[in-house]
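Visitor: Using the sequences and the hints, build the whole thing.
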Amino acid sequence: MTKTLKILDEKKLISVNKPTRYTGHEVNQIVKDPNSVEVRMAFAFPDVYDIGMSHVGSKILYHVVNQLEWAAMERVYAPWPDYEALLRREDAVLTSLENRTPLCEFPIVGITLQYELTYSNILTILDLGRIPLLASKRSDEDPIVFAGGPGAFNPEPIADFLDLVVLGDGEEILPKLLDIYRKLAKENNGRANRKVFLDRAVELEGVYVPSFYEASYSEDGSFLGIHPKNSKAVMPVRRAIVKDLDQTAYPETLILPYGDVIHDRAMIELFRGCTAGCRFCQAGCIYRPVRERSLSTLIKQAELLLQSTGYDEISLISLSSMDYSQIENLIEHLLQKYGCQGIGVALPSLRVDSFSVEIAEKVQQVRKSGLTLAPEAGSQRLRDIINKRVTEQQIMEAVSGAFDAGWSGLKLYFMLGLPGETDEDLTEIIALAERIAKVYRQKKRRGKLRISVSVSTFVPKPHTPFQWLGQIPPEEIHRKQQLLRSLVRDRAIELSTHDVNTSYLEAIFSRGDRRLSAVVKRAYELGARFDGWTEHFRFSLWKQALEECQINDSKYANEAKTVTSVLPWDHLDSGVRKEWLAEQWSLAEKGIETEDCRFGPCSLCGVCMDYGVRNLLQKGDIK
Amino acid sequence: MRILLEFTKGPSLRWISHLDLIKVFEKAIRRANLPVALSQGFNPRPKMSIALPLPVGVSSDGEFMELELAEQMDHRELCNRLNQQLPVDMKIQKAMNLSENSPSVMSQVETSEYRVHIPHANRSDEVTNAIQNLLAKQEVLVRFSNKDGKIKILDIRPGIRSCIWCKNQESILMEIETSSRLFIRPQFVLQAITESLNQPQWSIEEIDIHRVKINLNPKIQVSMQAYSYPGL
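Chains as they are written, first to last, in the numbering used here: chain A, 1 to 623; chain R, 624 to 855.
These aren't lab readings, by the way, just hints derived from the structure by calculation.
Wrong hints could be hidden among the right ones.
What the hints assert, rightly or not - Simulated pairs of lysine-lysine, DSSO-like, Cα-Cα distance not exceeding 27 Å:
1. R:Lys646 to A:Lys18
2. A:Lys337 to R:Lys770
3. R:Lys646 to A:Lys337
4. A:Lys12 to R:Lys770
5. A:Lys12 to R:Lys836
6. R:Lys646 to A:Lys11
7. A:Lys137 to A:Lys521
Guide: Below, the structure is given as structure tokens:
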């Protein structure tokens, strides 16, 4: 290896926006001497630093790996276009923040897949890090590229760029993978042999090696299925699950970013998984079952984090924090202990009921915040279809409580393009907002009312009961958005909708197959970057790439499949059984609800039986 | 209880903006568990102010900050506790009491001394001449655009207290006025020098600007028993 790599002279940063995105040196970062460890891994977040530094999963993995004496994890984020331009102008390599090591010098580079529209950024990172984009072109001198995160449950559209994919919870399996690597590297006196490593790694439950499989297609271009290419390739690939979250490691401190990041506060993860059973929700399927941390663990973690960071706010993270068994006790404890120090508690997700609003009211006595509720659909009929088990009465009680508590502004989240949706359902979104406005006005409060109604576009996701559906066509999205806009009369209601092309591209990649890797590569070459950012998103580049690769994009985005169709992610097991998803889909068609198995009967999704796990709720008394 | 702190901001931290630096202090103060006085209002913050914002990209050996404590605290302990919490490359080097009726430290800034490192400046004599020419003038007009993008013209000559080329440091050393009456940036002086050199300006990406110290009005009421942090 005789590549000469130029590392950017820091002085050049004077010309970029927010230079502290690229300099590291933050309080609490972990810098290990490269010579003192046996394996080094770079963790790449394919979005800008401000987003990546707000992501809890990365913080957990950073802690877990750096806790190991023999391993080190360093961070890298997608360079914002101004920094990318600078690196290219200077012919400099993308480096990690901690030791400013060129990415290609790490034996392992891990990428988290949080959102389909970060895929072009993955290629920016690999390219500027001097790593061959295609896994098939990498030699033993090049890094082995891992991926994980929710996107791992259908990584097919980027399969060509990945050597290894981890399905499920990363904190227990990642150290095992690194351990396999270090033993092989030791035997080899340098880097491990890529092939040998992948052969060993794939024996772990939760590991998927895309190159061990191959896809086939019919002459008319339909996807026929994925087949193992060698004896190591298991079918299906099972998911890694942490059985008892309370026993796993959680960061004792957090890196403190200098600039503004999205969530700049301490965060504790109350539980993982959600069994509420909303039928559109991927997280509600792929993270099952519910695994709660104990109250005493959370209290201890909160204390450690607040002490070591100096943050004045702590956020209670999970998919639905109000459902945590000890939520009242936890909040009471935190407010009592930290409220007098001016430390606030933040609740990222509220349930739509009066209980949640009462809790939110308690919390905001320390630190004021906005109130966001997500009824998801305007009509009861549609809410029954998507299994969002919220009644109009609950919504009204919640908002009434919120107004009594002093809020005069509300944010409401809805979706359009849901299965079975009619124009009447959309009318109901605005009508619901108007009824809420009426509740406020009857109270004759003085503050000016503001109801912001955010309507996103439904994207069918793999491993959900709606995975067989297509997205409604772009023209139809346009029409529905227009319809909504025409219905808004009340000046207190502020409607916002999502960009049509963004949602369309999301749908293509969400349910896509391996043939899309070529599209991602082509779009990247054409200049696609930060596609999730309106100011950078250029749909024309994607359109061109799709055409050049002869991809029938509307087939990918809009075509409905039947329950018997073979799907590009069928070989990946999320834990929930396909029969259960199909049953949920048929219940949805009939508008029949399914209860949350935390509080009602088991609905036989299969994860507990197939993985030997169960909902772990901290119902006992507090110590 | 008003305390005046002198601190450094090393080269690795020069990219932290002024507003972000305040957040660094707020968190460090919280971690150090210092008995600071808090501002009133919904989100109380430690009562502190930095004498003179340091521009992004500039490091410093002598910044000043005023901090209000709710109760008395030993200066040595204060420095120790805070220094343990500050980023590497940032240190409180001195702590002194500020009398209660002293005006704010912000209002007492007079001049700042800078060291501008210009590597490979092999035309030493030329630079020396340019500086001498500059100092010989009665008036040195500099054009610059302000925050709103408006072009302004400023006579910087009255604000240049000293300016020399230091050959063995490859640097221009200057003391310039940075008060509320006349605020001069080191870049203005550089601009004037390069203009008289009759050749393109040094690229901003090549030079290193370092603030050596800030000079406060000597009448500022500081107690005599200043505590200096050892090992600096």
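Visitor: Hint by hint, say whether it matches the structure.
Guide: Hint check results:
1. Between the alpha carbons of lysine 646 (chain R) and lysine 18 (chain A) the distance comes to roughly 15 Å, so the proposed pair stays at or under 27 Å and holds.
2. This hinted pair does not check out: lysine 337 (chain A) and lysine 770 (chain R) have alpha carbons roughly 44 Å apart, beyond 27 Å.
3. Annotation: proposed proximity of lysine 646 (chain R) to lysine 337 (chain A) holds, straight-line Cα distance about 23 Å (limit 27 Å).
4. Between lysine 12 (chain A) and lysine 770 (chain R) the alpha-carbon distance is near 22 Å, which keeps this suggested pair within the 27 Å criterion.
5. Distance restraint check for lysine 12 (chain A) and lysine 836 (chain R): the Cα-Cα separation of roughly 25 Å lies within the 27 Å cut-off, and the hinted pair is therefore satisfied.
6. Distance restraint check for lysine 646 (chain R) and lysine 11 (chain A): the Cα-Cα separation of roughly 24 Å lies within the 27 Å cut-off, and the hinted pair is therefore satisfied.
7. A threshold of 27 Å between alpha carbons decides the hint, and for lysine 137 (chain A) with lysine 521 (chain A) the separation of about 14 Å falls inside it, so the pair holds.
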